[in-house]
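S.K.: Residue numbers (our numbering), protein chains in the order written: chain A, -16 to 222; chain B, -16 to 222; chain C, -16 to 222; chain D, -16 to 222; chain E, -16 to 222; chain F, -16 to 222.
Treat the hints with caution; some may be incorrect.
Claimed, not checked - Here are the simulated distance ranges between beta carbons:
| id | chain 1 | residue 1 | chain 2 | residue 2 | range |
| --- | --- | --- | --- | --- | --- |
| 1 | F | A178 | B | A49 | 49 to 55 Å |
| 2 | E | S0 | A | G168 | 53 to 59 Å |
| 3 | F | E(-5) | A | S0 | 47 to 53 Å |
| 4 | C | G204 | F | V138 | 54 to 60 Å |
Claimed, not checked - With a straight-line cut-off of 20 Å between C-alpha atoms, the simulated SDA-like cross-links for lysine to any residue are:
| id | chain 1 | residue 1 | chain 2 | residue 2 |
| --- | --- | --- | --- | --- |
| 5 | C | K175 | C | E145 |
| 6 | A | K218 | B | G132 |
| 7 | D | K180 | E | L140 |
| 8 | F | K218 | E | P214 |
| 9 | A | K153 | A | R119 |
| 10 | B | K218 | A | L128 |
For the record, the hints were derived by calculation from the structure and aren't laboratory data.
Note that CB positions come from ideal geometry on N, CA and C, so glycine has one too.
Protein chains: 6
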Amino acid sequence: MHIRVILPVIGESLLDSVRREAEAWAAPGTTIDCVSLERGTASIESEYDEALSAPGILQRIDEARADGVDGVFITCFGDPGVHAAREIIDAPVVGGFEPATLTALSLGEKVGIVTVLPNVLPMLNSLARRYTIERRIGTIRVVDLPVLGLEDHDVLLNRLFEQASDAVGKGEADVIILGCTGMLGVAEELKKRLADKGFDVPVVDPTGAAITWLESCVRLGLTPSRTTYMPPPAKDRAV
Amino acid sequence: MHIRVILPVIGESLLDSVRREAEAWAAPGTTIDCVSLERGTASIESEYDEALSAPGILQRIDEARADGVDGVFITCFGDPGVHAAREIIDAPVVGGFEPATLTALSLGEKVGIVTVLPNVLPMLNSLARRYTIERRIGTIRVVDLPVLGLEDHDVLLNRLFEQASDAVGKGEADVIILGCTGMLGVAEELKKRLADKGFDVPVVDPTGAAITWLESCVRLGLTPSRTTYMPPPAKDRAV
Amino acid sequence: MHIRVILPVIGESLLDSVRREAEAWAAPGTTIDCVSLERGTASIESEYDEALSAPGILQRIDEARADGVDGVFITCFGDPGVHAAREIIDAPVVGGFEPATLTALSLGEKVGIVTVLPNVLPMLNSLARRYTIERRIGTIRVVDLPVLGLEDHDVLLNRLFEQASDAVGKGEADVIILGCTGMLGVAEELKKRLADKGFDVPVVDPTGAAITWLESCVRLGLTPSRTTYMPPPAKDRAV
Amino acid sequence: MHIRVILPVIGESLLDSVRREAEAWAAPGTTIDCVSLERGTASIESEYDEALSAPGILQRIDEARADGVDGVFITCFGDPGVHAAREIIDAPVVGGFEPATLTALSLGEKVGIVTVLPNVLPMLNSLARRYTIERRIGTIRVVDLPVLGLEDHDVLLNRLFEQASDAVGKGEADVIILGCTGMLGVAEELKKRLADKGFDVPVVDPTGAAITWLESCVRLGLTPSRTTYMPPPAKDRAV
Amino acid sequence: MHIRVILPVIGESLLDSVRREAEAWAAPGTTIDCVSLERGTASIESEYDEALSAPGILQRIDEARADGVDGVFITCFGDPGVHAAREIIDAPVVGGFEPATLTALSLGEKVGIVTVLPNVLPMLNSLARRYTIERRIGTIRVVDLPVLGLEDHDVLLNRLFEQASDAVGKGEADVIILGCTGMLGVAEELKKRLADKGFDVPVVDPTGAAITWLESCVRLGLTPSRTTYMPPPAKDRAV
Amino acid sequence: MHIRVILPVIGESLLDSVRREAEAWAAPGTTIDCVSLERGTASIESEYDEALSAPGILQRIDEARADGVDGVFITCFGDPGVHAAREIIDAPVVGGFEPATLTALSLGEKVGIVTVLPNVLPMLNSLARRYTIERRIGTIRVVDLPVLGLEDHDVLLNRLFEQASDAVGKGEADVIILGCTGMLGVAEELKKRLADKGFDVPVVDPTGAAITWLESCVRLGLTPSRTTYMPPPAKDRAV
């Protein structure tokens, strides 16, 4: 099975760590490759960034289709370009939000998300409503760190723990989701710290949830519905 | 008052008729100007088209901000780029969907939308959920004509009437909205035909609803909330 | 354009200030006149008051119809008599709640309302559900002043600011609505105080929202749907 | 126990049959008396009628309070004046809609209502939303007879059966509610006809549901919550 | 009228007090008898307990059908076995949750429930969603006492008062429901204590609500809908 | 990885085919074993059957815990015993409904389910509400065959195709779910027949969805939240 990971930002400095993380979650026999964008933004932290990155993402989707990949992970928690992508490729496509939240629904009553900056809260609330799962989202919190400031694991873990334990303690969350696909390699440690405090709740890593989601879809023979995701009519396009 | 109309497609052939239509709805004292996109698609009939047109729209928003306009109408019923735009300009910005549907809510119980092609139905359903008004949308129908095939008023009116009268007759609509900003100059005639059949229901023209909405916001001193539409953080952007 | 403002209380002492306020929001060319009730209550602060004022309001609607006015504003935030009125006049009719909240939905995610007394909270919650927008109402607060005790602008502004800034600070509101049409001439100053505290959120004045809403409907040729608001059957009525 | 039935229309011709019907449903030991209005309309078939009847109803509530009754049934399916009444009397008050629909929820999945005229559909939809039970209302149908034309039991039963059996057959109703308190003495026969057709579904008579609801509340010591139904502040009232 | 109370636990020590409590709420002429289970658990405080008690409950339902009882109360607030029971008996069947919450909806805006242990909160939230009334449940609190530890009325009342007064004070409840049918004989005293603090809100006893609900259904001739509660097909069953 | 499949019915005749089907969906390295119940019913087609089978299922869960399995699939589309099971085992547990529907949500707008008999429709509607996904379920249809009558693939496929193609054609479904885990080995052929008719929609097999769901949870280290699924308190239990 061949999964293409699209890192929807410009620059190649993060490609290696993103690919390694995706490979760590993948099943034996799954081939992962990873591309970033030619055109787009350095990170996605607003509707503005998301809009600017969309054409660059769709260019990568075009290539993925040509390459005959089996599934595509657009590695950003805001699911940028996901629905447009499904219109033009016969393979499952997910971002970070949808597989993580749907997975979480089977684990507990209220889902708590801890993301990066307050700027993205309206975007995530909009996604929750679009997917009609807003009544199960108990809280969306922030660590107040930009996407490009997540590399210090100690700071990140401390802030994640602070928000997650407060959310669970107040009854606002029964499952915690890491709300940014850039929060690499901290899910297990966060789960352990929460358990030490007496909060035995699952922690969902969005990259892991996305990779396994795609693998499941491929094994189940599932691709986007063509009555929902109709192929775009032919016309002039100059982008 | 200065309102900028952004026609979110490439090409300039439609600019004159769009500007004339907007001017026809505008109040005395409102100045309308109209621009199309440098980069984008010939029409918007899918999530794919919408995504491809977003950067071109945001470029025009940047110019609108620099020009100090009082309000912006992105003239497409799918509200492309609207939320991203609100993050970067201190003036009200609307597309076609939001002002037309909110206006309709004050006129009757169930709102019926008649749009162009089945391709855009999921997009409109998603907007309805995003705006949390989905329970009032009684039906979304199509005339099954592409955006660029709406110029024959007789065909368009016949199909609009067919769908709208069926929807009202079945109790699925109490107010009709023209679901494409390219359906110019047919609202009044459609209303008359419906009334002749005994269906005395209002018909909302999305261009008219958008222009008057913006004028009202400007007069009321209302601009996008900065706790919802936070300014995007500074970063590299290459689009 | 001729807009009739119905002040749905007995007594004429407030008529002048209400008319002046409405005129201040009206467009050039709009004629405003203003009437109060022969029968009703001194103010509306309960379902009881609202019910008692309804026949007096409908008598004024009858006159407005006879006078051929273009639109009617029943100037109370509880929308008293609005839906009954729409059954008997072919012109747009609004109260204070509906145009203010629908306008607010286009400006930010969560709407916060600051009204007069706790007595009216259930009435406003019921309206929000009737209009199916309850999921967007983040909070409804009170200044704990009766309608007839709003004339001291300093006290009113201080309490409005206290509630509004607390609501925005806690993430319960992105847009503030003045929840009583008797809170005249304080919207701009409240917005300024909030901005000084770092909360750059719009403040919607319900009188302004209602007047511009009616003007827009008149210009758009929109009147109440006769499949929702059917004319009442003929019968004996002794009121 | 003393229950006051308020027939919210002018005229006394129906008082006897309404009182007899209420007495037929009442428990031994319950005293029923019945009053109509001094001011109001001959029947209630619109928001307009409902608004005009409200002060006359509230005058009767005032008297009921003075008389120390234990519960009040305002015998109309539109629940006119019910919420205002609860603000001014320490006894349970219901109309026809609320007890019938809440009772029906415990009997089957989808509730089907068959009422009189299309004019009242928006009013009933609004009540369903106000009471937040709209998702369980599978259909609201009409017999297309005015309130004052229900006395021919054969015609009424035929039309009720036609609508109810169609609704059950199409899966839109598992429980049928008679949607007008003037549909006296037909519930049992309708249930029998439906059973003969193979539709073994309960039929709720709104008068019976209201009388037993009030009796239950009185026995349970339950009166309106004063945090929801606060007493109206003192003020001038001229109605 | 003959009502069978099923105490869905093993052991007979509580039978007398449960029967006396049910009889105290019953109308003159209602015969109450009371049985516990042969197989089941000592109390129900989890989905696990509820599942284990179901066959024992259904055995009692079979007997109730054979005995020709008029109604059945399964006296547990989690409504165990209620929906399965309705499939096999032509008489109304309720648990503690449904009649108490539906009754409460007619008394105030937000319903507050105070139950025993945090273990049952997800079960109650699930019931609220199943019955589609979750939007009216303002809060569900616990006294943090097990079902078999409720006999000390002073401790129970203190904890009920603490939670209920906090809920009302914070605007999370306008009506209080005792969230365990084992909280016998404390509703009136709790109501008094709340009133002394200035919170004039109704307190619903679930046993009283259930008994009067069944009596009303019997008098109204209402039994479970057979399009919702279809008789189970014949087959081998070995339980 | 070791997955235990619990076939929640009595009798062993189906065990082999169920195990083979589960193994066919499993990843290399996953060990599947399969048990049926000592106590229960021959099939599950009602709330009654579901309730009777619960203790037998929980006995198997106890054994699964003792055996240290990594995940449990209770192979029935009604999710019997699933939530009780999660309270007593530290491994992911699913039935057929939840993983199939959550998977379907990522593939198209409206989910259509085709199940066995009308008897189970209320049960499935209740599950949809419990999981808060009811707004995405466009239709639930039946093939009108009992669980033990599904072995004739031609009849089954014809009826599945009839219902599924009608649902897609009417716009009520964009994704089809086989609504019984006994509909073995027909998903692919149904998808092909729908595609031949021009309906290019995914068909979700609930067994496949469940097995891959469990495998994903195990790989992601996810087990039931202990703030939602609290361990049942110790007490006497005699089942």
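S.K.: With reference to the structure, classify each hint as holding or not holding.
M.R.: We went through each hint and held it up to the structure:
1. F:A178 - B:A49: 49 to 55 Å: holds (51 Å)
2. E:S0 - A:G168: 53 to 59 Å: holds (58 Å)
3. F:E(-5) - A:S0: 47 to 53 Å: holds (51 Å)
4. C:G204 - F:V138: 54 to 60 Å: About 58 Å separates the Cβ atoms of C:G204 and F:V138, which means 54 to 60 Å holds.
5. C:K175 - C:E145: Cα-Cα ~13 Å, so holds.
6. A:K218 - B:G132: Status holds; Cα separation ~12 Å.
7. D:K180 - E:L140: violated (53 Å)
8. F:K218 - E:P214: violated (34 Å)
9. A:K153 - A:R119: holds (15 Å)
10. B:K218 - A:L128: holds (14 Å)
Checked against the numbered hints listed earlier, the structure breaks hints 7, 8; every other hint is satisfied.
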